[in-house]
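As they're listed, the protein sequences go chains A and B. Once you know that position 43 of the first sequence is 43 in this note's numbering, the rest is easy, because the numbers rise by one and skip nothing. Numbers given in this note's numbering equal positions in the second sequence, counted from 1, plus 191.
Derived from the structure by calculation, the hints contain no laboratory data. Warning: the hint list may mix true and false statements.
Pairs of lysine to aspartate or glutamate, DMTMM-like flavour, derived with a Cα cap of 25 Å [claimed, not checked]:
no.: 1; chain 1: A; residue 1: K2; chain 2: B; residue 2: E343
no.: 2; chain 1: A; residue 1: K191; chain 2: B; residue 2: D279
no.: 3; chain 1: A; residue 1: K2; chain 2: B; residue 2: E323
no.: 4; chain 1: B; residue 1: K249; chain 2: A; residue 2: D39
no.: 5; chain 1: B; residue 1: K195; chain 2: A; residue 2: E135
no.: 6; chain 1: A; residue 1: K191; chain 2: B; residue 2: E299
no.: 7; chain 1: B; residue 1: K265; chain 2: A; residue 2: E149
no.: 8; chain 1: A; residue 1: K191; chain 2: B; residue 2: E375
no.: 9; chain 1: B; residue 1: K382; chain 2: A; residue 2: E94
no.: 10; chain 1: A; residue 1: K154; chain 2: B; residue 2: D353
no.: 11; chain 1: A; residue 1: K58; chain 2: A; residue 2: E140
no.: 12; chain 1: B; residue 1: K249; chain 2: B; residue 2: E340
no.: 13; chain 1: A; residue 1: K154; chain 2: B; residue 2: E340
no.: 14; chain 1: A; residue 1: K74; chain 2: B; residue 2: D230
no.: 15; chain 1: B; residue 1: K240; chain 2: A; residue 2: E132
no.: 16; chain 1: B; residue 1: K382; chain 2: A; residue 2: D88
no.: 17; chain 1: B; residue 1: K193; chain 2: A; residue 2: E149
no.: 18; chain 1: A; residue 1: K3; chain 2: B; residue 2: E375
no.: 19; chain 1: A; residue 1: K49; chain 2: B; residue 2: E375
no.: 20; chain 1: B; residue 1: K378; chain 2: A; residue 2: E149
no.: 21; chain 1: A; residue 1: K187; chain 2: B; residue 2: D337
no.: 22; chain 1: A; residue 1: K2; chain 2: B; residue 2: E261
no.: 23; chain 1: B; residue 1: K193; chain 2: A; residue 2: D122
no.: 24; chain 1: B; residue 1: K378; chain 2: A; residue 2: E108
no.: 25; chain 1: A; residue 1: K3; chain 2: B; residue 2: D313
no.: 26; chain 1: A; residue 1: K4; chain 2: B; residue 2: E285
no.: 27; chain 1: B; residue 1: K193; chain 2: A; residue 2: E141
no.: 28; chain 1: A; residue 1: K49; chain 2: B; residue 2: E331
no.: 29; chain 1: B; residue 1: K194; chain 2: A; residue 2: E140
no.: 30; chain 1: A; residue 1: K154; chain 2: B; residue 2: E343
no.: 31; chain 1: B; residue 1: K240; chain 2: A; residue 2: E94
no.: 32; chain 1: A; residue 1: K2; chain 2: B; residue 2: E340
no.: 33; chain 1: B; residue 1: K378; chain 2: A; residue 2: E135
Since the structure is predicted, the reported quantities are computational estimates derived from the model, not experimental observations.
Now for the letters of each chain:
2 protein chains.
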Amino acid sequence: MKKKLGARTALYPLPATLVGANVEGKPNFMTVAHVGVMDLGTVSLGMNKIHYTNQGIKENGTFSINIPTERLVKEVDYCGMVSGRKADKARLFETFYGQLETAPMIAECPLNLECRLVQTVDMPNHDIFIGEVVEVYCDEECMDGDAIEFLEVKPLLYAMGDPSHFTASSSYYSLGSRLAPAWEVGKELLK
Amino acid sequence: MKKKLGARTALYPLPATLVGANVEGKPNFMTVAHVGVMDLGTVSLGMNKIHYTNQGIKENGTFSINIPTERLVKEVDYCGMVSGRKADKARLFETFYGQLETAPMIAECPLNLECRLVQTVDMPNHDIFIGEVVEVYCDEECMDGDAIEFLEVKPLLYAMGDPSHFTASSSYYSLGSRLAPAWEVGKELLK
């Protein structure tokens, strides 16, 4: 039996990421799970305009998306609760920069995407930052040949519960097991 | 040690969804994992312009996002391999419609988002469809009060491997266990 829940996103779980930007010349990181992929080289971030980090992305036209591993769950949650206006969140991490020079990345995160801002979609309360990925960095231990081994990355997956009281009903989940190869398991139905 | 992987998305895993649209008056479903959330009521799809489904989304200004459960993995994979131009994929499912009347949804998927197209971002090879969620439908067995219980939904999570041979290195994963409550576990670092 289907229940109607009204208008809400419900498109979860999504990876909980740490978005990096230099704001007023200093590195800052903010937790963002409202991310997306647009094409093979382009990603999106949906970020409420109240955030300090938005200012840095606009200042520099660059940002990073850092994919944390499970053991950083406290840091990830903290970076979603506290504004960079009030706390130096970069002190929690070892920071590094890549070719864009202004997109701070987190060494402790096994996977890092360095991005150039290419477009901003202006929504009533949110900036949608669309970024071209210029480089990806991955810990060698999380690679299997040229492929990223997500079971080694151990990303944090976020699902928001009831939007009306999301702080009381949202959780982080682990990635489970590999179920099936894609572009393969469905071939049975081609017959 | 970080390894540079060049420019690719790498922002995975993302939920493998079945996107529904009426094309030339008939329901069609296509597998899309390049999804995103923009704000609490808005979602995005990144879909190569070659797809048949794009035409239906543009015709009607509506679409659905259906979140399949693990046991549909073969159907999900198949719907990503075969075009609606060549096969009637809707025959695999029981279809239902909601208030928009033209966005077909899949009864066997525990979670369904009915969406109105509000904007299209035109990229070189992709249409980025931005949709307002007008209604969410969820199987009662997958609810915990007003919250969606994603451990009961058992979504399929997709990660693309090496983009240069992605059909040989991409997988579907299960959702693992609940690790920690969000907006809570990080409070320890506030002190």
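Evaluated hints:
no. : hint            : verdict
1   : A/K2 - B/E343   : 14 Å, holds
2   : A/K191 - B/D279 : 14 Å, holds
3   : A/K2 - B/E323   : 20 Å, holds
4   : B/K249 - A/D39  : 19 Å, holds
5   : B/K195 - A/E135 : 7 Å, holds
6   : A/K191 - B/E299 : 22 Å, holds
7   : B/K265 - A/E149 : 22 Å, holds
8   : A/K191 - B/E375 : 50 Å, violated
9   : B/K382 - A/E94  : 21 Å, holds
10  : A/K154 - B/D353 : 18 Å, holds
11  : A/K58 - A/E140  : 32 Å, violated
12  : B/K249 - B/E340 : 33 Å, violated
13  : A/K154 - B/E340 : 21 Å, holds
14  : A/K74 - B/D230  : 24 Å, holds
15  : B/K240 - A/E132 : 19 Å, holds
16  : B/K382 - A/D88  : 14 Å, holds
17  : B/K193 - A/E149 : 14 Å, holds
18  : A/K3 - B/E375   : 29 Å, violated
19  : A/K49 - B/E375  : 23 Å, holds
20  : B/K378 - A/E149 : 31 Å, violated
21  : A/K187 - B/D337 : 38 Å, violated
22  : A/K2 - B/E261   : 18 Å, holds
23  : B/K193 - A/D122 : 35 Å, violated
24  : B/K378 - A/E108 : 20 Å, holds
25  : A/K3 - B/D313   : 35 Å, violated
26  : A/K4 - B/E285   : 18 Å, holds
27  : B/K193 - A/E141 : 9 Å, holds
28  : A/K49 - B/E331  : 35 Å, violated
29  : B/K194 - A/E140 : 6 Å, holds
30  : A/K154 - B/E343 : 21 Å, holds
31  : B/K240 - A/E94  : 41 Å, violated
32  : A/K2 - B/E340   : 14 Å, holds
33  : B/K378 - A/E135 : 33 Å, violated
Of the hints listed earlier, those the structure fails to meet are numbers 8, 11, 12, 18, 20, 21, 23, 25, 28, 31 and 33, in rising order.
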